[in-house]
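Enquirer: Read off the chains here:
2 protein chains.
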Amino acid sequence: MANNGLLIVISGPSGTGKGTICKALSEDKDLWISVSATTREPRAGEIDGVNYYFLSRQEFLEKIENDDFFEYAEVYGNYYGTPKWKALEAIYSGKDVLLEIDIQGALKVKQQYPEGVFIFILPPSMEELKKRITNRGTETEESLMRRFKSAYHEMNYISKYNYAVVNDTVENAVDKIKAILSAEKCRVDRLKEKILDSEEVEIHE
Amino acid sequence: MANNGLLIVISGPSGTGKGTICKALSEDKDLWISVSATTREPRAGEIDGVNYYFLSRQEFLEKIENDDFFEYAEVYGNYYGTPKWKALEAIYSGKDVLLEIDIQGALKVKQQYPEGVFIFILPPSMEELKKRITNRGTETEESLMRRFKSAYHEMNYISKYNYAVVNDTVENAVDKIKAILSAEKCRVDRLKEKILDSEEVEIHE
Chain A
1074 MANNGLLIVI SGPSGTGKGT ICKALSEDKD LWISVSATTR EPRAGEIDGV
1124 NYYFLSRQEF LEKIENDDFF EYAEVYGNYY GTPKWKALEA IYSGKDVLLE
1174 IDIQGALKVK QQYPEGVFIF ILPPSMEELK KRITNRGTET EESLMRRFKS
1224 AYHEMNYISK YNYAVVNDTV ENAVDKIKAI LSAEKCRVDR LKEKILDSEE
1274 VEIHE
Chain B
1074 MANNGLLIVI SGPSGTGKGT ICKALSEDKD LWISVSATTR EPRAGEIDGV
1124 NYYFLSRQEF LEKIENDDFF EYAEVYGNYY GTPKWKALEA IYSGKDVLLE
1174 IDIQGALKVK QQYPEGVFIF ILPPSMEELK KRITNRGTET EESLMRRFKS
1224 AYHEMNYISK YNYAVVNDTV ENAVDKIKAI LSAEKCRVDR LKEKILDSEE
1274 VEIHE
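Chains as they are written, first to last, in my numbering: chain A, 1074 to 1278; chain B, 1074 to 1278.
Don't read these hints as lab results, they were simulated from the structure.
Do not rely on the hints blindly, as some may be mistaken.
The list cannot tell twin chains apart, which means a pair is met if one copy fits it or any two copies do.
Here are the computed lysine-lysine pairs in the BS3-like style, where the Cα-Cα straight-line distance is at most 30 Å [stated by the list, open to error]:
#1 1183 x 1251
#2 1222 x 1258
#3 1157 x 1136
#4 1204 x 1258
#5 1204 x 1159
#6 1102 x 1204
#7 1233 x 1168
#8 1183 x 1233
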């Protein structure tokens, strides 16, 4: 019996650098990276299954009907969603799945797959987060403040997560996430069936 | 405010190699190794606080009275115990404490300090455990069989532990335990107060 893989959900306020961390983690060939689905047209160079799963509107609606998404939204007439069926396919085949998603999305994933490993990425400090959001440039003072307040508000959701990882450097954060995966695979809750089922012991009396 | 250290309890049936693993882990200078207390006389070369804490019978009895031991036993007229006060002192000063203990002892520690990290060391297989117990030599067939059956019975206690680590090689087992410690330090349950208390954020409106 193959063991199920883990669903690792990397999430956190904007500006904490979760995208960079996931990019670094995705170099690990044993991780299956979750790709979003969309009904919008592929742009030049975009590859189905790499950038997005490109679905027709009809296909997307059927998948909504089948409860095939962890979450989805319609934006400017196009649907975007996080495919549950793809993640579960990989998990049941023993692969660990990495899913980068915002906080609202992560909470929806958790409702449907509470056995996932939910990791909240933290900035080294709120001052540093402010700096990072500001350094993205181009935005007005007002919109920066809105973003920052929203990030600050989102910090409250940390209690819904299993782990919090401070993104002081990408290397440190990646090491910690790898340690979390390694530890989760040793959790008795996850191992119990495997151990107790797999042992054939002969006691010669 | 310094964070409390972790209490890491390494335990498992005899013959799984937990002693070797703890010896390897104890090379990490950041870990404080729990040392037993005893009323027996020090032997030549034994150092107080290194091999044992050597206590007078009077001191030991007072400490029992004060609930200062996780567990203790009287063996051939001498007391032996696992000092709770020493472990807590180290933990409250921010040090991680490593405690190697048999299964009955570990269960007593868990009752008194459930926030510890309880790690069960597993042999690669029950066949391998049998081989290891047998290779210790010198014992009769009957006593070997009793040891093996007791180890087999002790496997049932795995469900009381947080983690199970297979001792296929000492290096692998040590790496996994280090990953567990690193992960445990990221657990939101443990971090919450630290994060939510330590941030002073100014929002300029």
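Enquirer: With reference to the structure, classify each hint as holding or not holding.
Expert: Hints, one by one, checked against the model:
1. 1183 x 1251: Result: close both inside a copy and across copies, 20 Å intra and 27 Å inter.
2. 1222 x 1258: between (36 Å within a copy, 28 Å between copies)
3. 1157 x 1136: within (10 Å within a copy, 57 Å between copies)
4. 1204 x 1258: between (36 Å within a copy, 26 Å between copies)
5. 1204 x 1159: neither (37 Å within a copy, 44 Å between copies)
6. 1102 x 1204: neither (33 Å within a copy, 36 Å between copies)
7. 1233 x 1168: Classified as both; 24 Å inside a copy, 28 Å across copies.
8. 1183 x 1233: This pair counts as both: shortest intra-copy Cα distance 9 Å, inter-copy 26 Å.
When held up to the earlier numbered hints, the structure conflicts with 5, 6 and fits the remainder.
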